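Could you build the full structure based on these sequences and the hints that come with them?
The lines below spell out each chain.
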Amino acid sequence: MSSFTDYLWAFVIGGAICVIGQLLISLTNLTPSRILVLFVTSGVILTALGLYEPLVEFAGAGAKVPLTGFGYSLAKGAIKGAMEDGVLGAFTGGITATAGGVAAAILFGYLNAVIFKPKTKK
Amino acid sequence: MNRKIGKQSLIFENKPQFLSSAAIVGDVEGKGNLAEHFDLILDDDRWGEDSWEKSERKMFENAVKLAVQKAKLEISDIDCLLGGDLLNQIISANFAARSLEVPFLGLYSACSTMSESLLVGSMLIDGGYANKVACTASSHFSTAERQFRLPLEMGSQSTPTAQRTVTGTGCSILTNKDDENGMNVFITSATIGKVVDMGIADANNMGAAMAPAAMDTIVTHLDDTKTTLDDYDLVVTGDLGFHGSDLLYEICSEHGVPLSEKKHIDCGKIIFKAEQKFGCGASGCGCAATVLNSYLLKQIKAGVYRKILFMATGALLSTVSGMQGDTIPGIAHAVVIERGSRQ
Amino acid sequence: MNDLRKEEQRRYQNKVNERMPKSETALQCVKAFCVGGLICVIGQFLNDCAIVHMGLDKDMASTFTCIVLIFIAATLTGLGIYDKIGRFAGAGSVVPITGFANSIVAPAMEHRVEGYVMGIGANLFTIAGPVLVYGISASVICGLITCLIIA
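Residue numbers (the working numbering), protein chains in the order written: chain X, 1 to 122; chain H, 1 to 343; chain A, 1 to 151.
Treat the hints as calculated values from the structure; they're not laboratory data.
Note that the coordinates shown come from a computational prediction; the quantities given were computed from them, not determined experimentally.
Each hint should be verified, as a subset may be incorrect.
Said to hold, decoys possible - Lysine-lysine pairs mimicking DSS-like chemistry, simulated, CA-CA at most 27 Å apart:
1. Lys119(X) with Lys58(A)
2. Lys122(X) with Lys54(H)
3. Lys298(H) with Lys262(H)
4. Lys263(H) with Lys226(H)
5. Lys84(A) with Lys194(H)
6. Lys307(H) with Lys263(H)
7. Lys273(H) with Lys84(A)
8. Lys263(H) with Lys298(H)
9. Lys277(H) with Lys58(A)
10. Lys226(H) with Lys122(X)
11. Lys70(H) with Lys301(H)
12. Lys58(A) with Lys54(H)
13. Lys4(H) with Lys307(H)
14. Lys122(X) with Lys58(A)
15. Lys121(X) with Lys273(H)
16. Lys121(X) with Lys277(H)
17. Lys70(H) with Lys194(H)
18. Lys121(X) with Lys31(H)
19. Lys58(A) with Lys80(X)
20. Lys31(H) with Lys84(A)
21. Lys226(H) with Lys70(H)
22. Lys226(H) with Lys31(H)
23. Lys121(X) with Lys58(A)
As structure tokens, then:
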């Protein structure tokens with residue numbers, strides 16, 4: 001079980017990553033889709049450089065829940081795959097590691113779109 | 001006799017006269033400043049249809065029917081329906097015209113469509129090509145949002161310069177000057193706008209993109225008709241919003257036209273209440289169309305304003321042009337609306 | 001003539017920037033921090049539950065957390081609540097994995113009237129698609145580089 005400090009760091013680091021996103025939106029007019037792409041790609045690159053792993057160790061969900069964490073899982077999976085199975089592993093590793101999330105997003109996305117009608121904004 | 005004056009302006013000899021007008025708006029607009037003036041406020045902007053696109057065309061169709069009914073006419077008395085909306089291939093207008101079964105000219109000049117339809121309608125009447133025309137423009141927040149911006153359920157914030165598209169349709173029926181049932185409110189001249197692009201690329205800042213076009217049309221109109229701002233009680237722009245109106249004042253005074261808040265109304269600034277918090281105000285074809293066909297015409301008919309320059313402003317962008325890095329061209333057409341006598 | 005036009009455009013653009021209404025960046029950052037942080041705390045809690053109560057290993061616990069968060073965000077989007085959270089939180093609800101789920105459900109819901117295949121099916125990834133394209137491509141490249149290094 002995590003201690004109180006683990007939760008605190010998850011909150012602080014997770015919040016801080018979101019603040020970076022907010023600054024990008026407010027100051028550069030980047031659209032949300034570009035923000036998402038930027039964060040995932042940065043997550044992959046930082047992980048490849050070995051910079052993201054320490055943050056995950058330190059902040060737990062605070063580093064894994066933001067989209068940079070999705071990039072982290074992709075990169076970590078691909079590196080692990082490459083180590084174990086070579087070139088084929090490099091191709092399968094990333095998607096294998098994140099398959100759960102992607103499959104869940106597709107299924108729940110589909111179901112919600114079938115069930116609910118969109119509402120207008122007031 | 002030549003009815004074209006100056007570079008871009010027209011004088012109407014057989015002054016087209018307003019016969020009736022109608023405005024239908026959505027529930028959010030119904031909570032705004034002008035609620036008491038609208039003919040119909042929807043409880044729900046889907047209006048019982050299964051899509052917002054269908055609701056928008058229903059609004060279009062019913063606004064025309066309502067205006068015709070208020071003029072004590074039949075739909076078949078309309079010689080030509082003119083109008084457009086913001087959706088691709090102006091489907092709201094096209095599909096409404098399908099069920100109305102009247103001769104139809106579809107128009108597009110983005111949010112400037114209301115002035116374009118009044119301008120073309122006036123030419124038809126003055127030229128003797130029609131006795132009664134219906135001039136219409138329409139927009140719908142939920143259809144425009146998904147076409148031009150992001151899906152409605154996306155949890156994103158709007159930028160401070162963003163404006164909210166008005167859900168609403170406005171329709172004016174024009175007749176010739178001798179019609180005794182008319183409102184005694186006439187269109188006396190008009191200026192066809194030029195497309196002006198000052199290099200604004202931010203699709204969330206339409207006010208700034210359109211202000212130079214509005215300035216260009218005002219300056220050209222005054223020049224062509226040899227009038228000054230003193231000849232008008234009011235200059236009305238469509239949807240420049242707060243930011244765009246400020247810019248308009250500044251660039252107008254640089255060109256020797258001292259326009260200020262005293263003599264200017266922007267439909268986008270007045271339609272919503274400040275506490276509704278819609279950033280820089282309202283936008284969309286329906287913005288100028290509903291304000292003109294409810295509040296403004298009532299004010300002119302009542303004699304509060306004698307002569308106004310009505311100028312809806314449009315931003316001529318598409319989703320593709322924006323992504324290809326093009327800047328946003330603006331346009332503004334102007335018509336002069338005057339209270340007067342039939343002589 | 002062309003240069004004159006360009007100069008005029010540049011001057012106008014400066015004017016626009018000067019008069020640009022300011023966004024409340026500082027306040028918005030605080031909101032983004034709190035909501036984003038809170039989502040991560042929920043993630044941490046789910047992760048703990050998975051390890052302590054369900055006996056999952058670290059990797060499976062992460063996957064479990066991810067799936068549950070996506071489920072919650074997708075449902076909140078369907079119920080029309082997520083866009084309200086987003087309007088308050090800004091990046092605070094865009095950057096977490098829940099924002100990714102929201103960007104999948106929102107366009108699909110909007111296009112449901114165009115049918116199950118070309119409406120919902122084709123629009124699930126109109127916004128999130130690029131995320132997968134860039135994320136997965138980058139990860140494969142990263143794996144291939146690893147192969148080169150160890151070879």
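Hints and how they fare:
no.: 1; hint: Lys119(X) with Lys58(A); verdict: violated (39 Å)
no.: 2; hint: Lys122(X) with Lys54(H); verdict: holds (20 Å)
no.: 3; hint: Lys298(H) with Lys262(H); verdict: holds (20 Å)
no.: 4; hint: Lys263(H) with Lys226(H); verdict: holds (18 Å)
no.: 5; hint: Lys84(A) with Lys194(H); verdict: violated (40 Å)
no.: 6; hint: Lys307(H) with Lys263(H); verdict: holds (12 Å)
no.: 7; hint: Lys273(H) with Lys84(A); verdict: holds (20 Å)
no.: 8; hint: Lys263(H) with Lys298(H); verdict: holds (18 Å)
no.: 9; hint: Lys277(H) with Lys58(A); verdict: violated (46 Å)
no.: 10; hint: Lys226(H) with Lys122(X); verdict: violated (45 Å)
no.: 11; hint: Lys70(H) with Lys301(H); verdict: holds (15 Å)
no.: 12; hint: Lys58(A) with Lys54(H); verdict: violated (51 Å)
no.: 13; hint: Lys4(H) with Lys307(H); verdict: holds (20 Å)
no.: 14; hint: Lys122(X) with Lys58(A); verdict: violated (43 Å)
no.: 15; hint: Lys121(X) with Lys273(H); verdict: holds (16 Å)
no.: 16; hint: Lys121(X) with Lys277(H); verdict: holds (12 Å)
no.: 17; hint: Lys70(H) with Lys194(H); verdict: violated (35 Å)
no.: 18; hint: Lys121(X) with Lys31(H); verdict: holds (14 Å)
no.: 19; hint: Lys58(A) with Lys80(X); verdict: holds (15 Å)
no.: 20; hint: Lys31(H) with Lys84(A); verdict: holds (20 Å)
no.: 21; hint: Lys226(H) with Lys70(H); verdict: violated (36 Å)
no.: 22; hint: Lys226(H) with Lys31(H); verdict: violated (41 Å)
no.: 23; hint: Lys121(X) with Lys58(A); verdict: violated (40 Å)
Hints 1, 5, 9, 10, 12, 14, 17, 21, 22 and 23 from the list above are not met by this structure, while the remaining hints are.
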